[in-house]
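Kindly produce the complete structure, drawing on both the sequences and the hints.
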Amino acid sequence: MRLSLGGGIMFEIVKNDTKTRARVGTLTVPHGGKLLTPAFTMVGTRAKVISLEPNDLVRTNTGIVISNTYHLWRGLGERLPEFKGLHTVMGYDGVIATDSGGFQVFSLGFGREHEVSKIGFFPEEEKTPGFLSDLFLQIRIWLGIKHSRNSVRVMPWGAYFKDENYGDERSVFLNATKSIMLQEKLGADIILAFDECTSPRHGRHYTKWAMKRTHRWAKKCLAVKSNPNQLLFGIVQGGAFEDLRKESARTIGSMPFDGFAIGGSLGNSKEDMYRVLEWSMPYLPDEKPRHLLGIGQIRDIFEGVERGIDTFDCVIPTREARHGAIWTYDGRYDVTKGANKNADVPLAPDCACPACASGITRAKLHELFKNKDREAGKLATLHNVYFFNDLMKSIRQAIMEDRFSEYKEAALSRIEKKK
RNA sequence: GCGCAGGUGGUAGAGCGGUCAAUUACAACAGACUGUAAAUCUGUCGCCUACGGGCUACGGAGGUUCGAAUCCUCCCCUGCGCA
Numbered sequence: 001m002r003l004s005l006g007g008g009i010m011f012e013i014v015k016n017d018t019k020t021r022a023r024v025g026t027l028t029v030p031h032g033g034k035l036l037t038p039a040f041t042m043v044g045t046r047a048k049v050i051s052l053e054p055n056d057l058v059r060t061n062t063g064i065v066i067s068n069t070y071h072l073w074r075g076l077g078e079r080l081p082e083f084k085g086l087h088t089v090m091g092y093d094g095v096i097a098t099d100s101g102g103f104q105v106f107s108l109g110f111g112r113e114h115e116v117s118k119i120g121f122f123p124e125e126e127k128t129p130g131f132l133s134d135l136f137l138q139i140r141i142w143l144g145i146k147h148s149r150n151s152v153r154v155m156p157w158g159a160y161f162k163d164e165n166y167g168d169e170r171s172v173f174l175n176a177t178k179s180i181m182l183q184e185k186l187g188a189d190i191i192l193a194f195d196e197c198t199s200p201r202h203g204r205h206y207t208k209w210a211m212k213r214t215h216r217w218a219k220k221c222l223a224v225k226s227n228p229n230q231l232l233f234g235i236v237q238g239g240a241f242e243d244l245r246k247e248s249a250r251t252i253g254s255m256p257f258d259g260f261a262i263g264g265s266l267g268n269s270k271e272d273m274y275r276v277l278e279w280s281m282p283y284l285p286d287e288k289p290r291h292l293l294g295i296g297q298i299r300d301i302f303e304g305v306e307r308g309i310d311t312f313d314c315v316i317p318t319r320e321a322r323h324g325a326i327w328t329y330d331g332r333y334d335v336t337k338g339a340n341k342n343a344d345v346p347l348a349p350d351c352a353c354p355a356c357a358s359g360i361t362r363a364k365l366h367e368l369f370k371n372k373d374r375e376a377g378k379l380a381t382l383h384n385v386y387f388f389n390d391l392m393k394s395i396r397q398a399i400m401e402d403r404f405s406e407y408k409e410a411a412l413s414r415i416e417k418k419k
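For the first sequence, the numbering used here gives the first residue as 1, with consecutive numbering after it.
Hint data in this document are derived by calculation from the structure and do not stem from the laboratory.
Any given hint could be a false lead.
[Stated by the list, open to error] Derived lysine-lysine pairs resembling DSS-like cross-links, with alpha carbons at most 30 Å apart:
#, residue 1, residue 2
1, K378, K364
2, K341, K364
3, K246, K417
4, K48, K370
5, K393, K288
6, K48, K185
7, K48, K178
8, K178, K212
9, K364, K393
10, K393, K48
11, K417, K378
12, K19, K417
13, K372, K341
14, K220, K15
15, K185, K288
16, K19, K364
17, K19, K246
18, K48, K19
19, K84, K185
20, K212, K270
Okay, here's the thing in structure tokens:
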């Protein structure tokens, strides 16, 4: 199955797994980058994957990176008009995506204020907020009550950000039109619709209102988008509520987007998350690429692929690397722990990543972390990024050989095995 | 030998009569991290505990006091200065 999306962009499904919805595809973009999917997108929020240089992306087999419209826009400020485009600025020929800033509507607003993530895990006894609670929340936001130092006011027509991190006391405004204009200026291959992310702390009513906004904004994004060399992905919302998710997937899935992403609250557990995928995926056209936003952990990747997801993005490989967590096919370990002080062994057995290839040992990396040497974060990032890319490669290979389910079980039992 | 300054929990270093098992930092240990506000954050960190509390602790030994890491005496040790 081959789908031309215009402007030299093409998505082709090379192989469908016979037992699951997993598939291997290729995404071709004008820059000559050909991305094999399922793929993991490394997060390079400010046009840079933290700790890595452009060459490192190639060395770690990174095929796709996602930057962030909100942070680039705020960070560039007056310098935005001179911005040369992400491929030039990053010195990277792979596929580049930009998030719309929609996530920051949540992460810098409600998420920050309530210290919650898009995935829940709050105690069962804390009930899902009811109608009145949602209504008060919405009114509070609209009136700007508790609109303190860092906050976001989501209005029907867009969002006002007050963000002292950029040394600006004034509110700045971002909406669908502006996000698309910015993303066209930034010049990524894949751009995302402007949306509002919610969390498990939002009740069904607020989630529905946010979803409706997202749908209106999605339509606006499609109407405003003009660059044929960029793919525009629509984002499904609806939280972890079955009817809302289905409604959102149906609505967004029927719009003429080039691809789709699943965003927003994924519930209160992994089971919730996988259910959300099952509710959504049937409405998202098989012939188009499908992305799962902000996920994930190793198991989530397998479960996502199994349900037909083509691309993922997550900060786990890079952030956890900087925090000392090393990923391997035998699971994760913390290299800063004392147990690694004298471990003169590679970070992972038979690893071909640039860090391991340079001969770094656990003991040496441990020491670098203890000395707060910046090289530590870089080496760990090189390793983790390579590992995640390698894992995706293994997954693709398994699908090609029609043994995805077997591979999933074998790999997960090893990776999640308690040591 | 004389003079001065000191000896506090793994380390550094607060405290200078009660609210001190002792601020804080580092180390150690455990945990978290899911469209990056994050090379970050959280917890434990004398011993025992039925988590109410109990016990032993601020160089050593005495003493003053209702009460001492905090005041006094002697001893031991360290650093600096003078011999």
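Each hint, compared with the structure:
1. Between the alpha carbons of K378 and K364 the distance comes to roughly 13 Å, so the proposed pair stays at or under 30 Å and holds.
2. With a C-alpha separation of about 8 Å, the suggested pair K341 and K364 falls inside the 30 Å cut-off, and the hint holds.
3. For the suggested pair K246 and K417, the alpha carbons sit about 35 Å apart, so the restraint of at most 30 Å is broken.
4. Using a Cα cut-off of 30 Å, the hinted pair K48 and K370 holds, with the two alpha carbons roughly 25 Å apart.
5. The straight-line distance between the Cα atoms of K393 and K288 is roughly 20 Å, inside the 30 Å bound, and the hint therefore holds.
6. With a C-alpha separation of about 17 Å, the suggested pairing of K48 with K185 holds against the 30 Å cut-off.
7. This hinted pair checks out: K48 and K178 have alpha carbons roughly 22 Å apart, not beyond 30 Å.
8. For the suggested pair K178 and K212, the alpha carbons sit about 19 Å apart, so the restraint of at most 30 Å is met.
9. Proposed proximity of K364 and K393 is supported: the alpha carbons are some 28 Å apart, at most 30 Å.
10. A distance of roughly 23 Å separates the Cα atoms of K393 and K48; the hinted pair therefore holds under the 30 Å criterion.
11. Of the supplied pair hints, the one linking K417 and K378 holds, its CA atoms being roughly 27 Å apart against a limit of 30 Å.
12. Straight-line distance between C-alpha atoms of K19 and K417 comes to about 25 Å, which keeps the hinted pair within the 30 Å bound.
13. A threshold of 30 Å between alpha carbons decides the hint, and for K372 with K341 the separation of about 15 Å falls inside it, so the pair holds.
14. A C-alpha spacing of about 34 Å is found between K220 and K15, which places the hinted pair above 30 Å, so the restraint is violated.
15. Straight-line distance between C-alpha atoms of K185 and K288 comes to about 24 Å, which keeps the hinted pair within the 30 Å bound.
16. Proposed proximity of K19 and K364 is contradicted: the alpha carbons are some 44 Å apart, above 30 Å.
17. A hinted pair counts as satisfied when its Cα atoms are at most 30 Å apart, and K19 with K246 qualifies at roughly 24 Å.
18. Distance restraint check for K48 and K19: the Cα-Cα separation of roughly 38 Å exceeds the 30 Å cut-off, and the hinted pair is therefore not satisfied.
19. At most 30 Å may separate the alpha-carbon atoms for a hinted pair to count; K84 and K185 meet this at roughly 8 Å.
20. For the proposed pair K212 and K270, the alpha carbon gap of about 25 Å is at most 30 Å, so the pair holds.
In terms of the numbered hints stated before, the structure departs from hints 3, 14, 16 and 18, listed from lowest to highest.
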